[in-house]
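Residue numbers (this note's numbering), protein chains in the order written: chain V, 1 to 96; chain E, 1001 to 1217.
Keep in mind the hints are simulated off the structure, nothing from the lab. For clarity, every value in this text was computed on a predicted model and none was experimentally measured. The beta-carbon is built from N, C-alpha and C at its ideal position, and this holds for glycine as well. Keep in mind that a hint or two might mislead.
Only some residues are given here: those of chain E computed to face chain V with a beta carbon under 10 Å [what the hints assert, rightly or not]:
(1) S1039
(2) E1073
(3) M1133
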Amino acid sequence: MNEWEVFRRERKGQPFEHAGSVVAPDADFAEAWAREQYGRRGESVALWLVPRDQIRDVEDWADEFDLKYRRVDGYSIKARLKEARERAGTAAPGDS
Amino acid sequence: MSAREQQLLAIADDELFLGWRESEWTGIAPMLEEDVAFSSIAQNEIGHARALYQLVVGEDGDADALAFDRPLEEYRCAPLVELHLLDWAHTIARRWLYETADEIRLAALKDDSDRAVAGLAAKIDREETYHRMHAAMWHDRLKDEPRFRDAVEELWPYAVGVLPEELRADLAGRIGLTLPSNSLLQAKERGTHTDELAPMWEEMTEVRRSAPAGAQW
């Protein structure tokens, strides 16, 4: 028995999203069971079934030098903007 | 009752009793996923029975009354669907044999000159396509297992009893077995019943019979 990850598309034009998984001995069983678990109630217009062992896991990132400006949450420009505006003598958009 | 009604009732009763029998696996099928799939198929079969009963009684008729209130000897189901099968090999063998037979008789009904009958047969067949996929996948997996082969052989004469004579050769071809002799078919033909029908019907109709006629649910 192998694990299959199931992705479902809720409506035409929408992206596939991870729905869950089924454990099945082969692709045919995986399909039959995924149809029941993830499609029987009209909640999906399409499914993707992906053998779990075909998925490459990526879980670790090295960030030894704390380059936090590269991270989405780590780099605030608010203070620098304020400073630049004062230098230039302009107001922030919206300020009178 | 006309021959046409008898014919539709035979299929409806097959679907109702098989659906009931197979729903007995709900909660105890070999795998959780299969439990859900098998229960869903059982539910579909009962849905087909309902649609067929409704066609027989007409739009305003009482399908439940036809399904549940007949005396036992008027039920037209084949002995195959009555059997209380307690192991998975037999259950899957019956599922595969029944679906193969059902496909043959539905194909004939889809060409019927009565458009209501042909239309319903086509509608039922669209759901059965999925049932056949399910049965074929199990058959492919189990076909070399001695337990499964034995179960198929044991149930084979019962499966033949599902179909009228003119459709049996087709079934034998698809299953890959030769038609059994008349003596082997005894007590397995439609029109006869096994001892298992009565207790099943008692259980199936127990709640309904406990309430006065006309009770609102």
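Structure-based check of each hint:
| no. | hint | result |
| --- | --- | --- |
| 1 | S1039 | holds (9 Å) |
| 2 | E1073 | violated (37 Å) |
| 3 | M1133 | holds (7 Å) |
Comparing the model with each numbered hint stated earlier shows that hint 2 is the single one that does not hold.
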